[in-house]
Amino acid sequence: MMELKTEPVVINMGPQHPSTHGVFRMRVTFDGEVIVDMEPVFGYLHRGIEKLAEERTYTQVIPLTDRLDYVASMTNNHAYVLAVERLAGITVPERAEYLRVIMDEMMRISSHLLAVGFLLNDMGAFFTPLMYMFREREKLLDLFEMVCGQRLTYNYMRIGGLSHDIPPEFLPALNRFVQEMPHFIDEYDQLLAENEILLARTKGVGVLSRELAINASASGPVLRASGVSWDIRKADPYSVYDRFKFQVPIGTAGDIYDRYWVRIQEMRHSVRILEQAIKGLPSGEVMAKVPPLLRPPQGEAYAHIESPRGELGFYVVSDNSIAPYRLHIRAPTFINLTTLRDLVIGWKLADAVAVFGSIDIVLGEVDR
Amino acid sequence: MNGWDWIHWLIFVVVILGFALSMIIVFIWTERKVIGRFQLRRGPNRVGPMGVLQAFADFIKVLTKEDIVPAKADRWVHLLAPIVAFVPALLVLAVVPFRDGSILADLNIGILYVVAIGALGVVGIFMAGWGSNNKYSLISAMRTAAQVVSYEVPVVLSIVGVILITGSLSMVTIVHEQQVPFILLQPLGFLIFFLGTTAEINRSPFDLLEAESEIVAGFHIEYSGMKFALFYLGEYAHAVAASAVITTLFLSGWKGPVLPPVLWFLIKVGFVFWLFLWMRSTLPRLRVDQLMGFAWKFLLPLALFNVFLTGAEVLLWEEKMASWGNFPWPFLFLNLALAGGLIVLWSKFFRLGGGRVEV
Numbered sequence: 031m032m033e034l035k036t037e038p039v040v041i042n043m044g045p046q047h048p049s050t051h052g053v054f055r056m057r058v059t060f061d062g063e064v065i066v067d068m069e070p071v072f073g074y075l076h077r078g079i080e081k082l083a084e085e086r087t088y089t090q091v092i093p094l095t096d097r098l099d100y101v102a103s104m105t106n107n108h109a110y111v112l113a114v115e116r117l118a119g120i121t122v123p124e125r126a127e128y129l130r131v132i133m134d135e136m137m138r139i140s141s142h143l144l145a146v147g148f149l150l151n152d153m154g155a156f157f158t159p160l161m162y163m164f165r166e167r168e169k170l171l172d173l174f175e176m177v178c179g180q181r182l183t184y185n186y187m188r189i190g191g192l193s194h195d196i197p198p199e200f201l202p203a204l205n206r207f208v209q210e211m212p213h214f215i216d217e218y219d220q221l222l223a224e225n226e227i228l229l230a231r232t233k234g235v236g237v238l239s240r241e242l243a244i245n246a247s248a249s250g251p252v253l254r255a256s257g258v259s260w261d262i263r264k265a266d267p268y269s270v271y272d273r274f275k276f277q278v279p280i281g282t283a284g285d286i287y288d289r290y291w292v293r294i295q296e297m298r299h300s301v302r303i304l305e306q307a308i309k310g311l312p313s314g315e316v317m318a319k320v321p322p323l324l325r326p327p328q329g330e331a332y333a334h335i336e337s338p339r340g341e342l343g344f345y346v347v348s349d350n351s352i353a354p355y356r357l358h359i360r361a362p363t364f365i366n367l368t369t370l371r372d373l374v375i376g377w378k379l380a381d382a383v384a385v386f387g388s389i390d391i392v393l394g395e396v397d398r
Numbered sequence: 348m349n350g351w352d353w354i355h356w357l358i359f360v361v362v363i364l365g366f367a368l369s370m371i372i373v374f375i376w377t378e379r380k381v382i383g384r385f386q387l388r389r390g391p392n393r394v395g396p397m398g399v400l401q402a403f404a405d406f407i408k409v410l411t412k413e414d415i416v417p418a419k420a421d422r423w424v425h426l427l428a429p430i431v432a433f434v435p436a437l438l439v440l441a442v443v444p445f446r447d448g449s450i451l452a453d454l455n456i457g458i459l460y461v462v463a464i465g466a467l468g469v470v471g472i473f474m475a476g477w478g479s480n481n482k483y484s485l486i487s488a489m490r491t492a493a494q495v496v497s498y499e500v501p502v503v504l505s506i507v508g509v510i511l512i513t514g515s516l517s518m519v520t521i522v523h524e525q526q527v528p529f530i531l532l533q534p535l536g537f538l539i540f541f542l543g544t545t546a547e548i549n550r551s552p553f554d555l556l557e558a559e560s561e562i563v564a565g566f567h568i569e570y571s572g573m574k575f576a577l578f579y580l581g582e583y584a585h586a587v588a589a590s591a592v593i594t595t596l597f598l599s600g601w602k603g604p605v606l607p608p609v610l611w612f613l614i615k616v617g618f619v620f621w622l623f624l625w626m627r628s629t630l631p632r633l634r635v636d637q638l639m640g641f642a643w644k645f646l647l648p649l650a651l652f653n654v655f656l657t658g659a660e661v662l663l664w665e666e667k668m669a670s671w672g673n674f675p676w677p678f679l680f681l682n683l684a685l686a687g688g689l690i691v692l693w694s695k696f697f698r699l700g701g702g703r704v705e706v
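If you read the protein sequences in the order shown, they are chains H and G.
Residues in the first sequence are numbered consecutively from 31, following this note's numbering.
Residues in the second sequence are numbered consecutively from 348, following this note's numbering.
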């Protein structure tokens, strides 16, 4: 019998591809449908934000941070102002700290909603889960709009506090949301968690081992799904996180399903934090006394927070001028993404898309 | 046969073309509207009242697009593919009875014809995938070929149950024989046929050949203008044909109380299509190996069992016909119970599985 000659085929998935969540490019070598090799190509969205920051005053950098992880801008603001506050030794009023926590947790819920929705979309559920997730995300965006007039790039936090206090109608609206949300999360669970096709597509697929996760210095839900209990909110509490009671959900298998599950559970605990924060919200100022043109003393500072996608760190070096001498951003998704190759080799084309969706990247942050 | 036969042919060809095209338009609108409601949005509502003219607006837009043929494409294959994909769906409708006596050709091998012609559409899709000279299209073409070959087997076997009961391959006779819709007498057959047809007309969760999130648009990635429109229409034409065939085989075709037969037929076709929409808007997509596993490990054994069961029942009935009246009621309940039990049993042992390959 004649032997059929076959050869692997190289396909560029991206930068223009429906499931690359922006302009990421995977250079994939296929043997039929099976992935034999994969090379991630970064950099299509590089804007040089770290360099741009060196030309701006400390306050002017805040809008730049909005453009990093554009589905979780508040947490970017928070991490940056935290680093500068550490550098300049500024104490933030308590009300501002509480409000920052509220914003962070709202951001976490809204970001995880998007992550889960798009994961399902990548697995071929034709937009319906995504639209259900958008229903709740829309309410959160309305809340953010109420606070700072923006729905995507908030630019709300300032060095030493917040740009302004919340409007009076904000807390009742947030209360309403906090009360509804657990019910909606249950609904997502009911609709998705037992779905046979979802289980077949996610259970045991794209397993990130505990060792690899730690060695690759992954963080956030991706790390916790692999069974490592590491959450900056617990491990190195910043702001007022040490005052709240909440748990950090840990996965066991490290597969796509666990990453999905961890995100759903984290939303539940975020709602719990929101409840406590609303209850404990003190009155008072939201802005510390900070000179308009800040000149931090010579030195350097690193601040990391638990952003929805992992450990988001800002490293700021000051030479006592009005602009940072050097700003470095530890982008969690960039580092999580480095595990992608190990996760997809040997799986099928469809799995690559699902694994990629479960890592939940935002290109604005990966490429900076 | 007399000299006036051609009038019958002419009228029915026109009627079927008109029916198919208007149903396609209606289905496009229904799909967009229904999926809109499933997704907590309104769906099209700008063009015409409730957006009914949206399909026409889309069509005009598509027609004004530039027709692009990739430089290294196989020009003729690329040109012929949409036609080859579209026409079989219309041909299937030739043997579907809209009401008693209203049929283009009451072939005595009606179902066989449907099966044979229905599988032709895949040739067009394969031609498109190959002729486009695009890697995504090629993957899509390979997937389609594998998918249709696999699903044809359980689909045909599930029809065998119906044929055993009616003793005829003619679509009209099959409808006449249905004292109750065969969905009740052949629940297993219906499920297998429905799922298999979903896979054959490539609708979600078996829409692997389009798989937007994986291979962008699959076989029609390199098509634009009128050629794309033909693929788009063809997809819906296949859905119309599949709904009509399912209606005829399992939902007792035009039969029904009070309302005129044609209306009953349309209602049932619409209902079957709605089932497709329901699945499309709620289920994630299967992976390609799971799709194969589902056909060969889940549907095929069930279909074989169904053939065996139906055969035994038909034999038994011939003996007992006198004592049970003219309808085998006990079999109806037995089959329903067996179908439920078997599916539960199968789903306990069957895993969609398919794992990592060492490379």
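These are calculated hints, taken from the structure and not from any lab test.
Here the structure is a predicted model, which means the values were calculated and not measured.
Treat each hint with caution, since some may be false.
Unchecked claim - Distance ranges between label pairs, derived from CB positions:
1. 625(G) to 318(H): 55 to 63 Å
2. 239(H) to 418(G): 53 to 61 Å
3. 418(G) to 32(H): 28 to 36 Å
4. 621(G) to 205(H): 37 to 45 Å
As the list claims (entries may be wrong) - Only pairs whose alpha carbons sit at most 20 Å apart, straight line, appear in this in silico PhoX-like list of lysine-lysine:
5. 644(G) to 695(G)
6. 380(G) to 419(G)
7. 309(H) to 319(H)
8. 233(H) to 275(H)
9. 695(G) to 233(H)
10. 35(H) to 695(G)
As the list claims (entries may be wrong) - Covered stretches of chain H, as calculated for chain G (at least 3 residues, CB under 8 Å):
11. 148–154
12. 200–211
Backbone N, C-alpha and C fix where the C-beta goes; we use that ideal spot for every residue, glycine too.
Cross-check of the supplied hints:
The given range of 55 to 63 Å is respected by residue 625(G) and residue 318(H), whose C-beta atoms sit roughly 56 Å from each other. Take residue 239(H) and residue 418(G): their Cβ atoms lie about 46 Å apart, and the range 53 to 61 Å is violated. Range check, residue 418(G) to residue 32(H): Cβ separation about 32 Å, and the 28 to 36 Å hint holds. Taking 37 to 45 Å as the suggested C-beta distance range, the pair residue 621(G) and residue 205(H) conforms, at roughly 40 Å.
Proposed proximity of residue 644(G) and residue 695(G) is supported: the alpha carbons are some 13 Å apart, at most 20 Å. As the CA atoms of residue 380(G) and residue 419(G) are separated by approximately 39 Å, the hinted pair breaks the 20 Å bound. About 26 Å separates the Cα atoms of residue 309(H) and residue 319(H), which puts this hinted pair outside 20 Å; it is violated. Between residue 233(H) and residue 275(H) the CA atoms are separated by roughly 31 Å; this puts the pair beyond 20 Å, and the hint is violated.
Restraint check for residue 695(G) and residue 233(H): satisfied, since their Cα atoms lie roughly 16 Å apart, inside the 20 Å limit. Distance check on the hinted pair: residue 35(H) and residue 695(G) sit about 41 Å apart at the alpha-carbon level, beyond 20 Å; violated. With a cut-off of 8 Å between beta carbons, the stretch 148–154 of chain H has 5 residues touching chain G; three or more are needed, and the interface restraint holds. Beta-carbon proximity to chain G at under 8 Å applies to 0 residues in the stretch 200–211 of chain H; the threshold of 3 is not reached and the given coverage is violated.
Hints 2, 6, 7, 8, 10, 12 from the list above are not met by this structure, while the remaining hints are.
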